[in-house]
Every structure is written in C-alpha cells, then in structure tokens.
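Participant: Listed here are the chains, written in short residue letters.
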Amino acid sequence: MKKILSYLLLAFLISHSSFLISCVDEVEHDDTPTGNFEALWEIIDEHYCFFDYKQHEYGLDWNEVYNKYKVRVNDNMGDTQLFEVLKDMLSELRDGHVNLYTSYDMGRYWTWHEAYPQNFSDTLERHYLGTDYKISGGMRYRILDDNIGYIRYETFLTPVSESGLDDAFSYMALCRGLIIDIRNNGGGNLTTAEMLAGRFVQEKTLVSYLQHKTGKGHNDFSSLEARYLEPSSNLRWHKPVCVLINRSVFSAANDFTVIMHALPNVKLVGDHTGGGSGLPMSNSLPNGWSVRFSACPMYDRNKQHTEFGIDPDIAVDLTDEATAQGIDLIIEKARQLLRN
Amino acid sequence: MRNEKLKYRNVGMRRGTVHSTFLHLSLTLLITHFSFLICNAQKVITRSTMVGFGSTNILDTYLSAEHFKGSGMSFVTTIERQRPDRHWSTIMEHEANLSTTKDRSKTQQELEGAYNFYWGKLYSWQLFSNCLKLQAGGLVNASLGFIYNTSNGNNPAQARAHLNVMPTGAATYQFNLWRKQFTARYELSLPLCGIMFSPNYGQSYYEIFSLGNYDHNVVPTTFISAPEWRQMLTLDVRLWKSGTLRLGYLGNMQQAKVNNLRQHVYTHRLLIGFTKQFSIIPRTL
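Keeping their order, the protein sequence lines are chains A and B.
The first sequence: position 16 = 24 (my numbering), numbered continuously.
The second sequence: position 280 = 1561 (my numbering), numbered continuously.
Misleading hints may appear alongside valid ones.
DSS-like cross-link-like pairs, simulated, lysine-lysine; straight-line CA separation at most 30 Å [stated by the list, open to error]: (1) A:K212 / A:K95; (2) A:K95 / B:K1387; (3) B:K1538 / A:K224; (4) A:K78 / B:K1387.
Since the hints were made in silico from the structure, they are not lab data.
Small disclaimer: the values here were computed from a predicted structure and weren't measured.
The shape of chain B in the complex, shown without the other chains:
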C-alpha cells in the first residue's frame, strides 16, 4: 500500500516536471516570437512587377547551326526585403519569357520559353548621406525552359534546365529632379558554378527518356563553360504616395558550351512596371 502511494507520488512528481517543462517551453516560444516580431518591426519590402518587350537571339547547335533572331516578351517580379538596421537584404526575382525567332532566310522558326527564379542575399553599404547604396552578394538561379524548332523531325526541341550560383552586385542611387524623387538602380549577376541538363552531342531524346541511356546529361558548369551575364538597369519615378513607376532594361545572356554543343539565348527587354515599398508592422502585444 505504501509502495503504491509512493508510486502515485512519483507519477505525480513526473507529471509536475512535465508541466513545468511545458511552461518553460511556452515561455521561451513566446519570448522568441516576441523578439522575432520586434526584429521584423522595421522590415521594408520593395516589390516591383514589370513587363518587357524586346529582341531575342538564339543559337543551339543541337537543333541548327544557324542563329535565330526575333522578339519576345518577359514578365519580371523582384522582391527585396531588408531591415533598416541590418546590412543584409534578401532578394527574390521571377523572370518568365517567351520568344519567337526566325533564321536569316525567314523560313525556319524557333520558339523559346524559360522561367528563371533567383534567390539570394546582398550586403549593403550606404554612401554619400544614404544617397548611394552599393550591394554585393550572391544569387542562386534555377531555370527551366525549352527551344522548339518547328522544322526538325527527331530533334525538334531542346530542354533547358540549370542551377547556378551567381555573384551579384548592385548600385542604387536616389536623387530629386523636377520636385520628384527618382531612384536609379543597376544590378549585374555573373555565374560562378552550377549544373545543367544537356543531351550529349548526337544523343537523341529517345535514348534519354525512352531507353534511359544517360551520357553526361547532367553537366557541372563554371563561368568558363557557361558564361552568363544578366544585368538590369531601372529608373523609379515616384508619381504618387503609394506607387512608383519603373522603367528599365533587362539583358539576360545565357550561354553554355557543354558536350561539344553550343547554346546561347540572349534576351534584351525594355521594361515598364510599378514598384511598391511597404513595411511589415506587427500587431503590438
């Protein structure tokens, strides 16, 4: 009987310990959550949505030895999050484009489409009384796309996929003109290394996807084998309180020289869109 009481007491003690641990955990969670909210209190988000039109130049020796030139359109969204008291900002960009191109004889046609996602961190320096902001860091670029040649038989299309690490630099300059606030920004990303999908020189997609015969189809790339160049120049004009007009240029030059195949897709786009800047203000406790 005494033993049983002891056992119950032990169980009660164990329950008490569990309750106290739970209380501690809850308190820790609340404190962490509270501090997180305080940290986020000043987070500033700059979001831009743009549409662009311009020229496209395609070369893919798997499909044709000829260059294909034409026009296309792009949709670009950039989101930058930064706390004023921190130097690091997070940047996220979505870029989707579609192009239609022809060879110089105007008889052959290639269609191109791609989606590029960029995510990365940039370190900032504020100079000249905060008028100039310099940023440097790196982006990870994931890309999926295709080039479709409307004339080819067994090799009508080329699938494009790559994952790149891209050192990135940006300069943002704020100034006033005609009583309006302007922000000029230039961003340049170049590749360091990555991986990409490519068929081998004369390999058919039948071998890859129907038979499962892989031959160097996932290729490590560097800035030498896949030299890319992506630059965006924008000018923001604040027209009203909550909205800003953005005009710009986006040049994306994606290139690769793997498996004895050569490929480049150059897109030049004139951009127009809107920029919105807002802060996350958490509810006070």
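So that you can see chain A by itself, here it is in the shape it has in the complex:
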C-alpha cells in the first residue's frame, strides 16, 4: 500500500511540476494595423490549403505576398486603409472562399465570375418557369412543352426534403429527360447537394476525394480519402439528365457538378463553373474582423483539383439576339440533347 501511495505521490509531483512549465497558450498579435496584418498573414500561412497548387498554376508565393504588402502597412493608418490592404493581400489567393468580414464591408475576390459573361438571364428564367411552377424547399420545377422536366435550384443553402424530391420525381416520372439548372448557384450545404445527386446514382459510386491539413506546413496534409455517393433508397431517376452550369456555380454547387459529371447518363451544358473546391473555415483577427479561407481541398474522382472550376461537356453561351427573342440557348441545347 505504501508503495502504491509513493507512486501516486511521485506521479502527482511530476504532473504538478510539468504544469508549471507547460501552460497551453498562444501568443497573440497586438491589436494594431501591423499586428492585424501579421495575424492575418499567419492564419492564412498556417491554414490555407491551396498554396502548392496555386504556385504551380500561377506562381503564388505567400512569402513574396508578405513582402509586397508589409510595406503598405503602418501603425498610423486607419481601419478603412488597413481593410483595403488586407483585402488586396487576400485577393492574391484568387479564391472565392477567402473573405474578410468587417461590420461595414466584406473583402472578396469575385473575378472568377465577374470577369466572364453571366450566361444567365432573370427574364429568361421567368419566361421558362412561367407562373405555374411547383416549389419544394429550394427547388422550383415544372414540365416543359416537349415533355422534359425542368428543375431550377439556385442555392443549396435552402434544403429540400426527401419527400419533396419524391413528389418532384413522381410528377416528372413520364418525362423523357430532366434538366437541372444550377446556374448562379453559389453553393450552400454539401449534404443538400449530395441528397439531390443521390437520386441519380444506381450503385455506390466513387465521386471525389477529400483531404485536410494536419499541421502548419504548406504541405502537411492527410492522405486522400475517397468519397462515395450512395444511391437514394427512395425514387431514383434513370433517364438522361442535363445539368446547366455557368461561371457563378461555386462551392457546393461546383461539388454537385463534379459528382454529376462522374455519372454516365449526365451531360454538363453551358459555361465553365466558378470552382471553389476548398471546404472553408473561419478565424478572427485581434481587431475582431473575421476571415474565411479554404481549409480542406476536394478533388474529382481522378484526383484532379476543381478549385478553378470544371468545363462543360457541351459549351454554350447566351447571345443578345436569342435573349432578346426570349430564347435561352443553354436550356434549348439541353432540350435538344434530351430529345435525341
């Protein structure tokens, strides 16, 4: 008994002394423009997941970015000036998932869709959907004149229920094909995208790969984990499908496109997607501003990056002439493909 107590006492003393020398803490940067700049650069340096890929794609060097912007920061500058510098620094990442949030503005990089034709028109959307379409969760749908089902899903932030999908697929069961229009869909919940995509796979299918960072180093990553899509146990769609995409298809909508692209009876029609294949996470600066960044890279089934989007199978652009006549060339191309 005395021996046991001696061991306990020894362990007690060792852990006691270890505590005194090992408080788990993190050094905070000062809440000054320089301190906030350093904090932001460090957060991105330690957590961002596409450094290697983007260095290869367009020569991104985060240390060079530090040198370039450090000289623009001093402790006498105001919040607005600091915001401009930090926003510009983050733009070097060319990532729509990277944002700087303040109470008065959101720093962003939206060139991936702003620099390209929209290939979508609200007027045409109203023309094709009409007024007697049905609504289920985030999904609007109807049957077009040539017996082709049309689903418009403009954000995966709004979910849809399994029973809602059952009702929609039952309603369109006799259609010869289906159009899923996700143009301008900027993403939302991955689980919503997966639930919808699950209606189109007939067996467990490898759709993509995923990994995450395991440390602060730019190349500290876990092994690639395969991501499979299970077929829905409810109503499933077996006929041809066209997914309509444009440059504003981003994040979870880009992921939906990647999944659908892996399926045999699906064609992508429209324009290149916007990308955004990094699962974002958030952090904060000493002055309270929030920063969002890509943390977990996702790859397609061939282990290729889709951060900068994916190409359609059939590229189609809207034209002013057709738009003026009330014709959506992308929808019309999909209808043509489904009719043949």
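Go by the hints and put chain B onto chain A.
Facilitator: Then chain B, alone, in the frame of chain A:
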C-alpha cells in the same frame, strides 16, 4: 418395478440435495448481507451542493487564434463516503458550467459549456488529534462539453470530450472560532493520463461525422500533452445542527495540445452552498 422405485428414490435424493444447497446459499446470503449491514453501520456521507460565479478564459485554435474572456456559472456537487474505521473513502463530484466570453475587440463571442464527473478513492491519515486529515488517491474524470463560436461558418463549434486519471490530494483542517466549528479543505487534482476527442488540425466536422473519415480523433493524453489543474478551497461554517454553510473557490484549468491544436478553458469560480453530513444507520435485525 424395483428399478422405477430406485429411480424415484434417486430423484428424491437429488431434490433433497438441491434443497440443502438452496438453504446453504440462502444462509450464506443472509450472513453476507448481515455483515454488510454491520460494516455499513458507521458509513458517514458528506454531501455538498454549491453554485459558483466567476471568470472564464478560453483559447481554442481550431476556432480562433484569439483568447476569449468572460464570465460564467457552475454547479458543483461533491459526495464523500467514508467509514470511520477505514482509511479509504469514496469521492464523487459533479461539475457543470456555462460561460459566455468575448474576444478583446468585443465583437466575437464564444459560448462554453461542460459537464465533468469525478469518481475516485482517497486514502486518509488523521493527524494532530484528528484536527488535520490528509488524503491522497486518484480520481477518474469524464468530461463532455462544447465551445461555440457565434461568428464562424463551417467550423462554428468544438466538441470536447475526455477521460482522465487524476492523482488527487486533499487536506482538511477542523478548528473552532467564535464558538463555531469551522472546516477548511483544499483539494488538488492533476492529470496523469487519459484519452480525448479532437478533430485533426484542419479537419472539418463534415469529414468526421458525415463521411466517417477519422484521423487521430481519439487521442491518448498525458500530463504533458493535456496538463490540467483543478483545485478547490472551501470553508465550512456550522451554523445550525443539521446544516453547514460552505464558501469556497474552484479553479479548473483544462488544457490540451494535440493534433497541432491548442486549447485551454480556465474557469475560476467563487462558490457558495451547503454541506450536510449524515450516516446510514441500517435497520437492526
């Protein structure tokens, strides 16, 4: 016919054997039960229920590189059972706390909640005419909790769960002052080893819970990777016969450095509550 009678006799004998075994078992059970009651006759139970208010300091680098400071409240219940003729006592503690904290800019907020359960055995030494009692032993600590960052998007919360073995020491001193009986007690628990849940450095909860991709999410810990420090100082003042007022301080410093993530939750609470001491007196046979 004779064989049949023999068979019946054998069956009767077997029945007799069964009955006698049953009687023996019953007797043994009664004797054991009786001795158990005798052993328990003097068991003294000290139960304290307290509520505490004080400060909280949170760091969780999975959620933010910033420290979050604020206030919170705790509910603490301690139960100690000991027989006067024995050196070992059993101790059981429940601690639940809720905190709300903000970063230094006062724009970001984190909420924290946890439930800690402690169970263990302490060995006692009575010194100075039983005025001072020293105790040493170990506790097992099971903890469940969360830290919720109200601003974050895909990583809004951190789940906390751990199981620890904690060497523990306590000193209790009884004295009289102003014709009242006082009991001062200090208890210190430190970790030895355990296991805890943690996402990996940049791993999302989507990967863990939606895809089932686990990556070092149950981590063995030691007093080096998860140095904790829990101390409670209390002063009991006996105000009336059956009740005692308890005032105290509880400091619980839980820390972890696993998967390249750093986390600490420091809570300091001023406690107030009541202590009740009673004995289990069994019915005499």
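Participant: Mind checking the alpha carbons of K212 (chain A) and K95 (chain A) for me, to see if they're no more than 30 Å apart?
Facilitator: Violated, at roughly 42 Å.
Participant: Given the hint that K78 (chain A) pairs with K1387 (chain B), test it: the Cα-Cα distance must not exceed 30 Å.
Facilitator: holds, 26 Å
Participant: Take a quick look at whether K1538 (chain B) and K224 (chain A) sit within 30 Å of each other, Cα to Cα.
Facilitator: OK: K1538 (chain B) and K224 (chain A) at ~14 Å, within 30 Å.
Participant: Taken at face value, is the distance from the CA of K1387 (chain B) to the CA of K95 (chain A) at most 30 Å?
Facilitator: Status holds; Cα separation ~22 Å.
Hint 1 from the list above is the single one not met by this structure.
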